[in-house]
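A.B. asks: Sequence:
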Amino acid sequence: PKHPRASSKMMAGGAVQQNGIFSNPHHHNQQPHMESDPPDSRKRPLETPTEASSTKRTNTGVAFLQPLFETEGIVFPHQETETHEEGEYFLKVLIPSYAAGSIIGKGGQTIVQLQKETGATIKLSKSKDFYPERVCLIQGTVEALNGVHDFIAEKVREMPQSTQKTEPVSILQPQTTVNPDRVKQAKLIVPNSTAGLIIGKGGATVKAVMEQSGAWVQLSQKPEGINLQERVVTISGEPEQNRKAVEIIVQKIQEDPQ
85 PKHPRASSKM
95 MAGGAVQQNG
105 IFSNPHHHNQ
115 QPHMESDPPD
125 SRKRPLETPT
135 EASSTKRTNT
145 GVAFLQPLFE
155 TEGIVFPHQE
165 TETHEEGEYF
175 LKVLIPSYAA
185 GSIIGKGGQT
195 IVQLQKETGA
205 TIKLSKSKDF
215 YPERVCLIQG
225 TVEALNGVHD
235 FIAEKVREMP
245 QSTQKTEPVS
255 ILQPQTTVNP
265 DRVKQAKLIV
275 PNSTAGLIIG
285 KGGATVKAVM
295 EQSGAWVQLS
305 QKPEGINLQE
315 RVVTISGEPE
325 QNRKAVEIIV
335 QKIQEDPQ
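Using the numbering used here, read the sequence shown as starting at 85 and increasing by one per residue.
No lab work stands behind these hints: they were computed from the structure.
For each residue, glycine too, the CB sits at the ideal point set by N, CA and C.
Each hint can be trusted.
Cβ-Cβ distance ranges computed for the label pairs, FRET-style: (1) G286 - G203: 31 to 41 Å; (2) Q302 - E242: 15 to 25 Å; (3) E242 - E201: 13 to 23 Å; (4) E201 - E339: 18 to 28 Å; (5) E308 - K200: 37 to 47 Å; (6) K190 - K285: 47 to 57 Å.
Turn these sequences into a full structure, and let the hints guide you.
C.D. replies: Below, the structure is given as structure tokens:
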């Protein structure tokens, strides 16, 4: 299988919360254009220094931070420009930093073995101190995507005791504290078009996903004024419930014509 290009630039519009930072990366060419509104307007140019502390809160409790910095990361391949084998799909998973080491393995042995066993291509974004989650891009068949995610979920559940603290995440040392609920969560990043399929008309599909799997499924809201191409899907529940919900979401990725 041909590897999707990993873009070296990814704008991170993050959501600073106790249980980590959500990133909805969008293509680096699509910068929000400058606004010349009056000073009291809610839209400000991105370069305004005070913007770093200005967050937009949504009704899901996810606050999106304006993208002020660039991170090394992976942007979703656009199928018009990226080629991949027929019957292969892309899945993006957020991996908490504490689990990355056991997924990669010593000298990368574990991730190499995982690719051999599943036939998937797996890429991980670089570790960043200010960002407690890493982006994992998986390319492969539906079976391969589910197989890799099963392995990732297993490692996410093995949170070391030292990181299980509930005090607020410090901006200087974000990786020392992780919400203990993170072990029960799976976090996926999907394109907006797939997010629409997951939600369904009037939220009917996402409700059905929750009923079928028994897991709680929540999608990040589209923040105002930021052109983000992706949404974060947070799945919470017991291992088997999460596995079922991820399988249904992978099915939606398969159904997405885009």
